[in-house]
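The task is simple: from the sequences and hints, build the whole structure.
4 protein chains.
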Amino acid sequence: AWIFLPRSPSRSVSEISMAEQLAAALAELGQQFADGDFVLDARFEDCHSAIEISLTERLGDLGKKIHAGRSRNDQVLVASRLYLRAQLERINSLCASIATASLDRAQADALTPMPGYTHLQRAVVSSVGLWFAGLAEAFIDNASLARDTAAWLNANPLGTAAGYGVNLPLERALTTEKLNFDRMQVNPMYAQNSRGKFELQALTAAAQALLDCRRFAWDLSLYTTAEFDFVSMPDEYTTGSSIMPNKRNPDVVELMRGAYGVVQGAMAELQAGLSLPSGYHRDLQRTKGPMIRGLVIAVDTLELTDALVRDLTLNTEAMAAAIEPAMYATDVALEKVADGIPFREAYRQAMDNPDALASRSPAESLEARVSPGAAGNLQLDQLRARLDQL
Amino acid sequence: AWIFLPRSPSRSVSEISMAEQLAAALAELGQQFADGDFVLDARFEDCHSAIEISLTERLGDLGKKIHAGRSRNDQVLVASRLYLRAQLERINSLCASIATASLDRAQADALTPMPGYTHLQRAVVSSVGLWFAGLAEAFIDNASLARDTAAWLNANPLGTAAGYGVNLPLERALTTEKLNFDRMQVNPMYAQNSRGKFELQALTAAAQALLDCRRFAWDLSLYTTAEFDFVSMPDEYTTGSSIMPNKRNPDVVELMRGAYGVVQGAMAELQAGLSLPSGYHRDLQRTKGPMIRGLVIAVDTLELTDALVRDLTLNTEAMAAAIEPAMYATDVALEKVADGIPFREAYRQAMDNPDALASRSPAESLEARVSPGAAGNLQLDQLRARLDQL
Amino acid sequence: AWIFLPRSPSRSVSEISMAEQLAAALAELGQQFADGDFVLDARFEDCHSAIEISLTERLGDLGKKIHAGRSRNDQVLVASRLYLRAQLERINSLCASIATASLDRAQADALTPMPGYTHLQRAVVSSVGLWFAGLAEAFIDNASLARDTAAWLNANPLGTAAGYGVNLPLERALTTEKLNFDRMQVNPMYAQNSRGKFELQALTAAAQALLDCRRFAWDLSLYTTAEFDFVSMPDEYTTGSSIMPNKRNPDVVELMRGAYGVVQGAMAELQAGLSLPSGYHRDLQRTKGPMIRGLVIAVDTLELTDALVRDLTLNTEAMAAAIEPAMYATDVALEKVADGIPFREAYRQAMDNPDALASRSPAESLEARVSPGAAGNLQLDQLRARLDQL
Amino acid sequence: AWIFLPRSPSRSVSEISMAEQLAAALAELGQQFADGDFVLDARFEDCHSAIEISLTERLGDLGKKIHAGRSRNDQVLVASRLYLRAQLERINSLCASIATASLDRAQADALTPMPGYTHLQRAVVSSVGLWFAGLAEAFIDNASLARDTAAWLNANPLGTAAGYGVNLPLERALTTEKLNFDRMQVNPMYAQNSRGKFELQALTAAAQALLDCRRFAWDLSLYTTAEFDFVSMPDEYTTGSSIMPNKRNPDVVELMRGAYGVVQGAMAELQAGLSLPSGYHRDLQRTKGPMIRGLVIAVDTLELTDALVRDLTLNTEAMAAAIEPAMYATDVALEKVADGIPFREAYRQAMDNPDALASRSPAESLEARVSPGAAGNLQLDQLRARLDQL
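Protein chains in written order, with the working numbering: chain Y, 1 to 390; chain B, 1 to 390; chain D, 1 to 390; chain U, 1 to 390.
Bear in mind the hints are in silico, worked out from the structure with no lab data behind them. On a predicted model such as this, the values are computed, not experimentally measured, just so you know. Yeah, the Cβ is synthetic: ideal placement off N, Cα and C, and Gly gets one too. Among the hints, a few may not be true.
Taking CB as the label site, the calculated pair distances span [said to hold, decoys possible]:
1. D:Arg183 with B:Gly36: 33 to 43 Å
2. B:Asp229 with Y:Asp61: 38 to 48 Å
3. D:Glu317 with Y:Gln349: 32 to 42 Å
4. U:Asp37 with B:Pro325: 56 to 66 Å
5. U:Glu89 with Y:Leu40: 44 to 54 Å
6. D:Leu26 with B:Arg58: 31 to 41 Å
7. Y:Asp352 with B:Ile53: 58 to 68 Å
8. B:Ser361 with Y:Arg183: 15 to 25 Å
9. U:Asp41 with Y:Ala42: 51 to 61 Å
10. U:Glu89 with D:Glu317: 45 to 55 Å
Shown next, in the form of structure tokens:
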């Protein structure tokens with residue numbers, strides 16, 4: 001706790017003693033809070049006031065010193081920044097975990113045939129490996145973004161007071177180090193005015209991951225229909241109906257799909273609140289609700305996705321049954337290209353001879369798909385290498 | 001152009017000759033386009049079809065080869081990614097330029113007094129230096145974010161075709177290098193499904209810079225009122241009224257303020273369009289409008305901000321006149337703290353003795369404001385050092 | 001044109017003559033514009049300045065009188081309000097047309113079986129009639145909303161000048177009548193400050209209709225997959241692929257789906273721009289872009305929907321084939337309820353005896369579905385009666 | 001409660017007795033809930049299950065009958081629709097109250113001078129009456145919109161079950177009447193698919209009112225600065241600072257300003273969640289959070305606005321002191337117009353003779369501002385007449 005006190009060339013014995021008393025009282029308070037004995041209620045304006053009042057009850061005048069050189073403004077900034085950083089680290093590690101699980105599934109079913117769609121229309125032969133490797137690469141990007149974002153906003157606002165600093169030589173370099181910030185947020189006005197801005201950027205990183213959860217949820221929502229029937233999921237991921245005895249519904253997939261919208265709403269709420277001149281305004285107090293709402297649902301949804309990637313079952317027969325001869329037409333056209341026929345000619349020839357497609361097999365098609373990243377050349381090692389660097 | 005052709009262990013003479021013919025024809029086409037002689041009109045589905053048709057008219061069968069191993073999908077991805085990268089680089093450099101100009105102004109008026117506001121109420125003495133240094137730090141963060149974002153999305157989608165790769169050994173590592181991408185976007189499905197996602201992230205970086213433009217515009221909008229009158233701007237930044245002979249209006253400041261909303265709208269449009277299963281869908285074609293709309297206004301607005309930071313005039317007398325004695329109360333409270341009085345006591349004493357404030361001066365107050373980053377200790381060097389690394 | 005001139009108890013002969021000259025010149029200008037001979041270019045600040053300059057070139061001093069008692073602010077308000085009203089009327093009539101077509105299709109296939117889904121899982125037997133009647137009721141609500149919204153905003157801002165009125169006795173009641181407004185927008189400040197507000201409400205009405213287009217597009221996007229195959233559409237609604245010879249893609253359905261997002265983006269853009277104090281600000285000039293973008297896409301999309309409802313083909317055999325015995329379980333449970341068994345008991349009995357379901361038919365199930373509005377009791381007359389009142 | 005039971009030509013004695021038992025048990029349950037003795041906790045899936053279980057505990061088999069012909073889907077729809085209706089009625093009445101208070105203040109200070117601004121620059125003489133009359137007209141529109149919206153969505157979904165009706169002759173016309181709905185929502189699929197849609201429309205009506213609160217809050221935020229100083233507010237509307245002894249901050253005004261963003265965020269969240277095919281999906285369960293969040297803050301903020309309009313104090317001297325001679329230039333130009341000088345000439349003459357303006361007074365200017373709605377002709381009666389019709 002002594003790090004919040006004004007600097008002095010050599011701290012006196014009494015200063016050190018005061019610091020130790022404060023540290024002890026804070027530790028005690030922390031324990032009370034952990035035990036549920038310290039309750040925040042209407043007596044206190046907020047947790048910062050509550051802590052100050054408690055310290056004053058315990059330590060008298062020493063407690064009254066605690067707010068020296070501080071404003072609730074910079075206290076709130078510090079608390080919310082530590083929260084943003086912790087949540088982004090959690091998002092980073094969940095994304096990496098989803099990517100790992102996806103790579104494993106891609107490897108296990110690298111050449112298992114699956115229809116490839118564009119416009120939801122059957123297009124070409126694809127594979128389970130390609131599907132999961134795509135999910136893996138998405139979550140590698142998402143993990144990387146969460147990490148970059150945490151670094152970008154990991155700047156220390158402590159000691160900026162109400163936006164104008166103070167006439168005390170606060171040891172801001174020291175608090176930067178002790179609180180594991182990468183740098184000091186130098187300017188006190190900017191510290192205030194970055195409120196909402198940094199929250200927005202953290203939500204953006206969370207949202208990008210949820211964007212891929214939404215797409216994956218859409219895939220699963222289609223693939224669990226009776227009509228597609230490509231995927232099954234354990235009973236604990238489904239629910240029944242209050243009126244229809246026959247139903248098992250993939251509710252968790254739909255909640256996964258809906259999570260993005262919650263974060264999008266939280267971002268819109270933040271964006272709307274930031275049309276303001278410089279300096280603190282009470283409008284900024286409203287950044288906490290959407291910040292927490294958005295990050296909590298992001299973490300929950302990523303945990304769910306991480307579990308579901310591991311737990312879902314593939315109905316490979318249904319996938320294979322959905323592959324029809326027309327889906328080899330592109331292969332044929334490009335084989336002709338390799339033989340020297342100009343592509344536009346080859347395209348027309350392939351279209352005009354549907355009968356030539358009937359005898360082909362998914363396995364041949366996938367093995368020949370050798371362009372880097374394609375089903376016959378997934379380059380999982382390259383993805384794994386990026387993942388290892390995160 | 002030869003980089004788009006299928007790999008072969010050693011290219012034959014005829015392949016090299018074909019590549020040279022294509023390169024020459026493309027160069028010619030590029031010149032025509034630059035000269036305004038190649039017009040995209042309703043004859044063509046899009047620019048990619050137009051190029052293919054033109055090459056075929058010029059080169060016959062060789063032109064018909066150009067689309068081998070490609071889909072419009074990956075062509076559009078490449079084109080839009082190069083665009084995103086270029087615009088982010090422009091945003092990065094404009095933000096750095098704004099930060100440079102702001103640091104210069106902060107240094108020039110480091111201790112020029114200016115009222116500091118919270119809740120738009122006069123709070124404490126502040127300085128022009130503090131105001132501009134805050135702007136500088138904001139735009140250093142914005143420049144850094146634009147650079148990070150450009151790096152994050154600088155991945156090569158070329159060779160992913162319609163989302164499933166092809167049965168040709170495309171030289172994707174080579175195109176990655178030639179087009180200055182940092183890495184290959186490995187997975188073809190993900191390449192498709194990152195459409196909109198990467199655009200959104202680029203808009204986020206642009207939006208963050210505009211968020212600070214909006215705040216700065218709000219400051220200027222207030223400071224150019226007759227009531228504040230802290231800032232003036234050259235006539236070319238103002239307009240008149242069609243009905244009121246007496247008006248000079250700071251229109252550009254208002255356009256600067258409104259730019260954020262255009263990008264916010266573009267982001268909302270993109271977000272809404274991305275609730276889709278895997279694979280290409282025509283919905284994705286609509287990402288181009290908001291992407292371009294958002295980035296163009298961002299670049300325009302940053303250019304305006306860059307100019308305005310340099311061109312505006314400070315009315316330092318009006319600023320000084322707006323400082324009133326009550327604004328020294330916090331200084332007084334903290335002086336008492338330095339003398340050992342507990343802060344809560346000191347706060348009450350300062351409030352109860354308003355008369356003690358009348359004799360103080362802004363200069364004293366600013367010089368004593370020594371907490372790192374505050375007016376008396378702006379630490380411009382530290383900001384300049386971060387700027388130099390960008 | 002004389003209605004814009006100041007009132008006088010009895011107009012003099014010369015006033016009438018001036019009015020006639022202005023009316024003639026404006027008519028001529030209108031003709032030139034219709035013929036493409038009057039081009040708005042960089043010479044003019046906007047169309048209002050262009051008209052004034054043209055009148056002055058034609059009529060000398062009389063042209064210079066035209067702006068008396070007016071500001072560009074109220075001119076723009078009038079023009080955009082007339083535009084909003086016209087577009088809402090168009091939306092109203094398109095929604096009514098879609099509802100009419102949907103009712104016709106509901107009647108034609110009132111009892112044609114179709115699976116009913118919840119959570120995209122097969123739930124109970126449903127009918128084509130129920131599906132289209134639901135679409136009809138949605139668009140009746142949408143038509144009604146467009147009409148209410150047009151009425152709500154049909155207030156005359158002309159004569160409010162720059163937001164503070166003028167010292168001339170303008171005949172606002174007369175212009176209200178001549179321009180077919182329902183009422184005068186009384187207060188000049190509010191006239192300014194309703195800018196953006198009324199545009200937003202018009203976009204909301206458009207968006208509600210597009211929300212149902214989006215849902216309908218999702219249905220069609222699923223129903224045109226090979227896996228569902230419930231619906232086909234004429235070739236003119238589909239496109240091919242640049243790489244895959246075998247593709248016919250339902251592009252228009254995807255564009256229909258994506259339209260909502262364009263309007264959502266436009267609304268977000270408007271909402272962001274309206275965080276302002278009273279009085280005109282240049283920010284408000286930016287309301288025109290999103291207003292026009294949103295309403296144009298709404299009208300286009302509704303026209304497409306109107307055509308598609310009429311033109312799509314139902315594959316009734318595929319629909320029938322997708323009905324499976326478990327979908328009768330709810331019927332069975334409720335039959336037991338009619339026999340006096342408590343519902344919770346009946347629900348359990350129905351679930352425990354799946355074998356009892358195999359012999360049932362869709363036709364029986366639909367005919368027995370007699371709760372008002374259900375497949376056996378569609379109450380199309382009631383919907384038609386509401387439609388007729390629009 | 002009997003209205004939820006299946007119809008029979010003449011109800012038997014035992015049916016009536018059952019209905020009475022259910023009604024009594026529900027009344028008892030309601031009382032327990034009101035007394036805090038009926039707690040919803042983790043034992044129950046939701047309130048609907050809890051009620052059914054409680055009735056079954058009390059009434060045995062009769063309790064198990066309660067869910068006959070119903071699904072949680074339509075129960076939730078009914079509950080949320082009654083909530084929407086009640087909140088819109090509250091919003092309607094609060095808007096009418098704000099309009100009433102504003103009209104009273106407009107009348108009391110009809111000709112009290114106040115500067116009129118455009119672009120936040122001093123423009124022309126205006127009045128307190130004009131400012132408050134503008135607020136009144138805005139809230140008349142808002143009240144009218146809330147009423148129209150309540151009527152638009154006041155349709156009964158009860159009896160639509162899970163979106164496909166049931167094979168029981170439910171008395172939907174009767175429940176429509178008993179629950180005070182204006183009409184039956186006929187189609188069961190549409191009843192499901194209007195979820196979110198109706199919530200959005202209710203939020204739109206709330207948002208429009210908050211849009212005007214936001215603008216009014218911006219006015220107050222500026223007018224309570226030391227620089228403008230046009231308005232004061234009682235101490236209970238302000239708060240202090242934890243660090244600055246000298247501060248009194250207009251926090252409530254800032255919370256009023258920020259409320260719109262909360263509703264905008266809630267709307268964005270809803271909009272994002274509604275990109276779905278027909279039929280119920282679990283995504284729709286997430287509509288409740290933003291619906292309630294948005295409407296609760298709307299009601300709170302309107303209550304605050306209603307109080308503040310009545311309680312704020314005008315500093316008429318400061319307003320008068322802010323009027324400067326150039327603000328008469330438009331008056332002068334239009335006087336010349338009345339004398340027959342073409343407006344463009346008059347405009348130039350007024351601009352070229354600033355000295356002629358010095359002798360004018362605000363009172364003269366306001367009295368001469370006679371265009372309908374302007375300060376000299378506020379037409380409060382016309383506004384009051386519209387208000388009386390709400």
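Structure-based check of all given hints:
1. D:Arg183 with B:Gly36: 33 to 43 Å: violated (52 Å)
2. B:Asp229 with Y:Asp61: 38 to 48 Å: Between Asp229 (chain B) and Asp61 (chain Y), where Cβ atoms are some 45 Å apart, the hint holds.
3. D:Glu317 with Y:Gln349: 32 to 42 Å: Holds - the Cβ-Cβ distance for Glu317 (chain D) and Gln349 (chain Y), about 34 Å, lies within 32 to 42 Å.
4. U:Asp37 with B:Pro325: 56 to 66 Å: Holds: the Cβ-Cβ distance is about 60 Å, inside 56 to 66 Å.
5. U:Glu89 with Y:Leu40: 44 to 54 Å: violated (36 Å)
6. D:Leu26 with B:Arg58: 31 to 41 Å: The hint (31 to 41 Å, Cβ to Cβ) is violated, given that Leu26 (chain D) and Arg58 (chain B) are roughly 52 Å apart.
7. Y:Asp352 with B:Ile53: 58 to 68 Å: violated (21 Å)
8. B:Ser361 with Y:Arg183: 15 to 25 Å: Because 34 Å falls outside the window, the suggested range is violated.
9. U:Asp41 with Y:Ala42: 51 to 61 Å: violated (24 Å)
10. U:Glu89 with D:Glu317: 45 to 55 Å: About 50 Å separates the Cβ atoms of Glu89 (chain U) and Glu317 (chain D), which means 45 to 55 Å holds.
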